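Chemist: Just so you know, the sequences run in chain order H and W. The numbers in the numbering used here rise by one with no breaks, and the one at position 25 of the first sequence is 138. The numbers in the numbering used here rise by one with no breaks, and the one at position 267 of the second sequence is 272.
Keep in mind the hints are simulated off the structure, nothing from the lab. None of the values given here were measured: they were computed from a predicted structure. The beta-carbon is built from N, C-alpha and C at its ideal position, and this holds for glycine as well. Please note that a few of the clues may not be correct.
[Said to hold, decoys possible] In silico contact screen, one side only, chain H against chain W (beta carbon under 8 Å); selected entries:
hint	residue
1	128
2	131
3	136
4	154
5	159
6	163
7	168
8	173
9	185
[What the hints assert, rightly or not] Subject to a maximum C-alpha distance of 27 Å in a straight line, what follows is the list of computed BS3-like cross-link-like pairs (lysine-lysine):
hint	chain 1	residue 1	chain 2	residue 2
10	W	30	W	314
11	W	109	W	250
12	W	210	W	161
13	W	181	W	161
14	W	109	H	133
15	W	250	W	30
16	W	181	H	133
17	W	109	H	188
18	H	133	H	188
19	W	99	W	340
20	W	109	W	244
21	H	188	W	99
22	W	109	W	272
23	W	368	H	188
24	W	244	W	181
[As the list claims (entries may be wrong)] From the derived model, a few chain W residues whose C-beta atoms are all more than 10 Å from chain H:
hint	residue
25	12
26	56
27	94
28	125
29	165
30	184
31	291
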Amino acid sequence: MFTLLNTLLCVNCCLAIPGKIVSIDDNIARVDVAGVIRTASLQLVDDARIGDYALLHAGFAIQLLDEEEALETLKLMEESTHYLAFMGVYG
Amino acid sequence: MKYFDEYRDAAIAEKILANIRATSKREMRLMEVCGTHTVAIFRSGIRGILPENISLLSGPGCPVCVTSNEDIDKALYIARQKDVILTTFGDMIKVPGSNSSLEKERARGADIRVVYSALDALDIARRHPQRRVVLLGIGFETTSPTIASTILSADKERIENFFVLVSHKLIPPAMKVLLDAEDVGIDAFLCPGHVSAIIGSRPYKFIPRDYGVPCVIAGFEPLDILQSIFMAVQQIERKEREGLKPDRAEIEYRRAVRPEGNTTALKTLYEVFEVCDVRWRGLGMVLQSGLRLRERYRQFDAEAVFDVKVSPSGEPKGCLCGEILRGAKLPTDCKLFGTRCTPEEPVGPCMVSSEGTCAAYFKYGG
Numbered sequence: 114m115f116t117l118l119n120t121l122l123c124v125n126c127c128l129a130i131p132g133k134i135v136s137i138d139d140n141i142a143r144v145d146v147a148g149v150i151r152t153a154s155l156q157l158v159d160d161a162r163i164g165d166y167a168l169l170h171a172g173f174a175i176q177l178l179d180e181e182e183a184l185e186t187l188k189l190m191e192e193s194t195h196y197l198a199f200m201g202v203y204g
Numbered sequence: 006m007k008y009f010d011e012y013r014d015a016a017i018a019e020k021i022l023a024n025i026r027a028t029s030k031r032e033m034r035l036m037e038v039c040g041t042h043t044v045a046i047f048r049s050g051i052r053g054i055l056p057e058n059i060s061l062l063s064g065p066g067c068p069v070c071v072t073s074n075e076d077i078d079k080a081l082y083i084a085r086q087k088d089v090i091l092t093t094f095g096d097m098i099k100v101p102g103s104n105s106s107l108e109k110e111r112a113r114g115a116d117i118r119v120v121y122s123a124l125d126a127l128d129i130a131r132r133h134p135q136r137r138v139v140l141l142g143i144g145f146e147t148t149s150p151t152i153a154s155t156i157l158s159a160d161k162e163r164i165e166n167f168f169v170l171v172s173h174k175l176i177p178p179a180m181k182v183l184l185d186a187e188d189v190g191i192d193a194f195l196c197p198g199h200v201s202a203i204i205g206s207r208p209y210k211f212i213p214r215d216y217g218v219p220c221v222i223a224g225f226e227p228l229d230i231l232q233s234i235f236m237a238v239q240q241i242e243r244k245e246r247e248g249l250k251p252d253r254a255e256i257e258y259r260r261a262v263r264p265e266g267n268t269t270a271l272k273t274l275y276e277v278f279e280v281c282d283v284r285w286r287g288l289g290m291v292l293q294s295g296l297r298l299r300e301r302y303r304q305f306d307a308e309a310v311f312d313v314k315v316s317p318s319g320e321p322k323g324c325l326c327g328e329i330l331r332g333a334k335l336p337t338d339c340k341l342f343g344t345r346c347t348p349e350e351p352v353g354p355c356m357v358s359s360e361g362t363c364a365a366y367f368k369y370g371g
């Protein structure tokens, strides 16, 4: 929740928060961010669809999140120990 | 919450930390460029659990902190004009200029309003056609496209009472200044994830290519930061042990950052703005690091419209914000830190901004 509150106070900086697009009307999306609906302009992204996850910053969607990459990143993190053993770094 | 909670798993964090400990053999100084990273690193407790040979330096990626006194004085000058509604993002409200702040001017009767989005400022302009509405345009590449888009909307609707006091800056040129300075040894950069969502990885390429310094574009969740540190450590070790020089910025934050960035946002940004030389608090003049409105959109330029005149201004006496922003000194090196300069009564901007290095050190303990 702290991050959500912070988003309201400090917009200059890098804070952006992921949310799920639940509706789109005239290039404005309603986005579910942890149960709270925020509106966001879609002027800065292309081909946004309902169900997509978007990064919200200062009233705009600044990027659509890539689910495949998200899963790939998590997989990489989970397999972390395997990587090291493979590279023979231990010992 | 999806794209959030998964990146906070403690068990995976332990694994990545073990990898970092096993891989990093030498002293290394990593700079997290972005103020949001500084805070995230403190809040997640990562600072305390990294092996001792790894130091984390905070960089100048706090747009509030690097805004010069002159730019704040310009905003104050405009705020004092009779028919003006000055709109600003929240963090600028308390920042001291030469002898006042937006908060103080508001107390004296200026109409100063905090907005969450540039679109809110434009909306205020629509609802108050008799007033001149000025948005204080501060922020890096994450924010400036949103101002550009708003200006395009204002232009399309022919709104004539909306203006922007442009103070936007670009991150990669500032990183070059830090590398050229040579008094702050940086072994790798953690690059700002959301700036990079906009600009991609290519603008950082000159750093590994010309300076041999690894760059990792990092997300903001604890696992993102740890994984990014691990990636940086690996690059440093590969360079030292095998002579394998990095040739591009690596992207850890791949769910949000593509190598080409967000081309629509970049197109919008450079439709409205062009690059220019600007002064950063702490870094001085940085070439090609700022934005100004293109000729076509000059009617929105508050500085021109209000014929703003302010005198040049230096740093408050004893304030080390400049050196702290470059990573040359720590907040604890500053005599004012925690004594004369606190979040309630800040002397310099590093203490005011919620993303400022001094504010972070004060709140979480350096």
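Chemist: Quick check: which numbered hints come out false for this structure?
Modeler: 3, 6, 10, 11, 12, 13, 14, 16, 17, 20, 21, 22, 23, 25, 27, 28
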